[in-house]
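Turn these sequences into a full structure, and let the hints steer you where they fit.
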Amino acid sequence: MTARTLFDKVWDAHVVETLPDGTCVLYIDRHLVHEVTSPQAFEGLRLAGRRVRRPEATVAVVDHNVPTSDRRLGIQEEESRIQVETLERNVAEFGVPYIPLLDARQGIVHIIGPEQGISLPAHTIVCGDSHTSTHGALGALAFGIGTSEVEHVLATQTLLQKPAKNMLVRVDGQLPAGCGAKDIVLAIIGRIGTAGGTGHVIEYAGEAIRALDMAGRMTVCNMSIEAGARAGMIAPDETTFAYVKGRPLAPQGEAFEQAVAWWKTLPSDDGAQYDTVVVLDAAEIVPQVTWGTSPETVAPITGMVPDPMAEPDEAKRAQMQRMLAYMDLTPGQKLAEVAIDMVFIGSCTNGRIEDMRAAAAVAKGRKVAPGVRALVVPGSGLVKQAAEAEGLDAVFLEAGFEWREAGCSMCLGMNPDKLTAGQRCASTSNRNFEGRQGPGGRTHLLSPAMAAAAAVTGRLVDVRELV
Amino acid sequence: MDAFTTLTGIAAPLPVANVDTDKIIPARFLKTIKRTGLGVHVFDTLRYDEQGAERPEFVLNREPYRRAEILIAHENFGCGSSREHAPWALLDFGIRCIIAPSFADIFHSNSFKNGILPIALPREMCDLLMEDAQLGENARVTIDLARQVVVRPNGEEIAFEIDPFRKHLLLEGLDDIGQTLQHEPSIDRYETGRAAEKPWMPAISIA
Ligand code: SF4
Chain A
1 MTARTLFDKV WDAHVVETLP DGTCVLYIDR HLVHEVTSPQ AFEGLRLAGR RVRRPEATVA
61 VVDHNVPTSD RRLGIQEEES RIQVETLERN VAEFGVPYIP LLDARQGIVH IIGPEQGISL
121 PAHTIVCGDS HTSTHGALGA LAFGIGTSEV EHVLATQTLL QKPAKNMLVR VDGQLPAGCG
181 AKDIVLAIIG RIGTAGGTGH VIEYAGEAIR ALDMAGRMTV CNMSIEAGAR AGMIAPDETT
241 FAYVKGRPLA PQGEAFEQAV AWWKTLPSDD GAQYDTVVVL DAAEIVPQVT WGTSPETVAP
301 ITGMVPDPMA EPDEAKRAQM QRMLAYMDLT PGQKLAEVAI DMVFIGSCTN GRIEDMRAAA
361 AVAKGRKVAP GVRALVVPGS GLVKQAAEAE GLDAVFLEAG FEWREAGCSM CLGMNPDKLT
421 AGQRCASTSN RNFEGRQGPG GRTHLLSPAM AAAAAVTGRL VDVRELV
Chain B
468 MDAFTTLTGI AAPLPVANVD TDKIIPARFL KTIKRTGLGV HVFDTLRYDE QGAERPEFVL
528 NREPYRRAEI LIAHENFGCG SSREHAPWAL LDFGIRCIIA PSFADIFHSN SFKNGILPIA
588 LPREMCDLLM EDAQLGENAR VTIDLARQVV VRPNGEEIAF EIDPFRKHLL LEGLDDIGQT
648 LQHEPSIDRY ETGRAAEKPW MPAISIA
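Protein chains in written order, with the numbering used here: chain A, 1 to 467; chain B, 468 to 674.
It should be emphasised that the hints constitute simulated quantities derived from the structure, not laboratory data. Hints should not be assumed to be uniformly reliable.
[Said to hold, decoys possible] Derived coverage of chain B by chain A (criterion: at least 3 residues anywhere in the stretch with Cβ under 8 Å from a Cβ of chain A; other residues may be distant):
#1 486-492
#2 538-547
[To be verified] Calculated pairs, DSS-like style, for lysine-lysine (alpha carbon to alpha carbon, straight line, at most 27 Å):
#3 A:Lys9 - A:Lys264
#4 B:Lys634 - A:Lys245
#5 A:Lys165 - B:Lys634
#6 A:Lys162 - A:Lys316
#7 A:Lys264 - B:Lys665
#8 A:Lys165 - A:Lys264
#9 B:Lys634 - A:Lys162
#10 A:Lys162 - A:Lys264
#11 A:Lys9 - B:Lys665
#12 A:Lys9 - A:Lys162
#13 A:Lys162 - B:Lys665
Beta carbons are placed, not taken as given, at the ideal position from N, Cα and C, and that holds for glycine.
Have a look at this one:
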């Protein structure tokens, strides 16, 4: 038998049927649903008189749109409230399991999937959200879909797909102190570009990836979509099994042992072929920060804002100029001198307990710089509880950070947490597009430690100067 | 979904790379529970100033491009979020076809599902069409899906590739779910097989 990659193996195990032109009917094991991309899908089912084929393979939660301040007051914004109420009506009507807003397990869909043991190795996982790639950290094939496909999965528990190409991103060696998973993935995107992974599923491998804990692996896989890839995956190993063990919805006891035996067959075979291979040396990675309005416009914090005049391609030069104008930065300016107004620590990229710890370690005993507003938004109610049990909330509050309820929050500014025009934010989220965090807002993507460092100094700064 | 056979219309030039779906439809307009009505917000930040007045320089605010049915753009169109609101907004505005050197995967697939035809052509071809599009009213471009050609205003034809299955669905205006449900017996068999092979795998039950 030919040598297969991790992706090939998970894919092959889910092909229900291959149509004459190569399109596959691909079986979906887990479907996560949220309030923003599902109303039209349920409406489609209703109009066609269809049911949800496997409600027990589906979990719904509200996250994108919900307030992160006191929720007992209900949702003030009418349109957001209607979306949440619509989801609640839909899950009741179609019998879909649901985690309500006031449940401690509520949180960002990509945080709660792994947390609850909904997301498992060897599974196919989809959600109407591009950052579904996060769950690939467990060795799952997980990808984002549009609303028509949400309806398709609800109705058929399958998708019509063609296999993606295989890409290997190997990160050799060891990360220097002060760097983490976010720096790895930003460096990868800086190298291959936002379309570098188009048509591919990326498998991350190498010593530096193996050394990451599950939270770090999720951060890396999360941003696969920012490299244009359909999904990101990491072969499951002991770190993965230890993480999954005992999760509420994971197999338990004897079943868990049987599952592990299965999951151990997943890593890519020796000699498996990749269509594209990229190799990075972790030792060369420096804390990263973006300067433009695309995640690929990233540089080491020790660097400078690049000069568009050095770009030979006319279209690219014009684009860089537009980005610098929008970001209000000048070529040659040192990144570590850029003053910030806001800090956002959270999102499905960096809203896990490990991220809270990394940020708190920098914030501890320091104060948020005058004039800066800093938000910490845990990725789920359980992350929030765990952080409070460790006293991290106290660390943040003492330093002058705000400590909020779980949700997407300022990652996309659909709830009241947004930037105003011209505000500059150091953000642990994943997209720095124009207006992403609020119309006219300026976003610099970086790691939780770097974000906390920015909060206490009032500017972008190399966190290694503070530890 | 409406069938897509041939289309002759005005092409709007949008010479920008990496047009992301936040740009096509910002998140603040995603609070709808319907598919329609988003056309007025398509490219909102590019189209309107802070006061909500139209920016006269933006292509879709100019005649004849207000009536554009085809959009010509640069690389990696539709990157970013999976929001299907992006094709819904474009469709609601009247766009039925987008031509660019490359597309982001999810946007590409979302487009087909809404009867929008994304056509990937080499950059040189896109540049020619971009020039044609600048001609405004005189630049009627024709898309003939059955023959897989784009016809320039001067009559020259440019062939394009398309997945045969997608082409079939578009030409017939068929919806994917109906197609897949024809394979229901295979799905049943797959589920039974999986359950027999791994009886120890739990189903989800959030209590
Ligand atoms: S945290 Fe941001 S990127 Fe993640 S699911 Fe929410 S909105 Fe999307």
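Do the hints match the structure? See the list:
Counting residues of the region 486-492 of chain B whose CB falls under 8 Å from any CB of chain A gives 3; the rule of at least 3 is met. Here the region 538-547 of chain B counts 5 residues with a CB under 8 Å from a CB of chain A, which clears the bar of 3, and the coverage holds. Between Lys9 of chain A and Lys264 of chain A, the direct Cα distance comes to roughly 12 Å. Compliance with the 27 Å bound is thereby established for this hinted pair. With a CA separation close to 46 Å, the supplied pair Lys634 of chain B and Lys245 of chain A exceeds the 27 Å bound.
For the given pair, Lys165 of chain A sits about 22 Å from Lys634 of chain B by alpha-carbon distance, which is consistent with the 27 Å threshold. Pair hint Lys162 of chain A plus Lys316 of chain A does not hold up; C-alpha atoms about 32 Å apart against a cutoff of 27 Å. The straight-line distance between the Cα atoms of Lys264 of chain A and Lys665 of chain B is roughly 15 Å, inside the 27 Å bound, and the hint therefore holds. For the suggested pair Lys165 of chain A and Lys264 of chain A, the alpha carbons sit about 23 Å apart, so the restraint of at most 27 Å is met.
The hinted pair formed by Lys634 of chain B and Lys162 of chain A meets the criterion: a straight-line CA distance of about 15 Å does not exceed 27 Å. Annotation: proposed proximity of Lys162 of chain A to Lys264 of chain A holds, straight-line Cα distance about 26 Å (limit 27 Å). With a C-alpha separation of about 16 Å, the suggested pairing of Lys9 of chain A with Lys665 of chain B holds against the 27 Å cut-off. Note on Lys9 of chain A and Lys162 of chain A: the hinted pairing holds, with a Cα-Cα distance of about 15 Å set against a maximum of 27 Å.
Annotation: proposed proximity of Lys162 of chain A to Lys665 of chain B holds, straight-line Cα distance about 26 Å (limit 27 Å).
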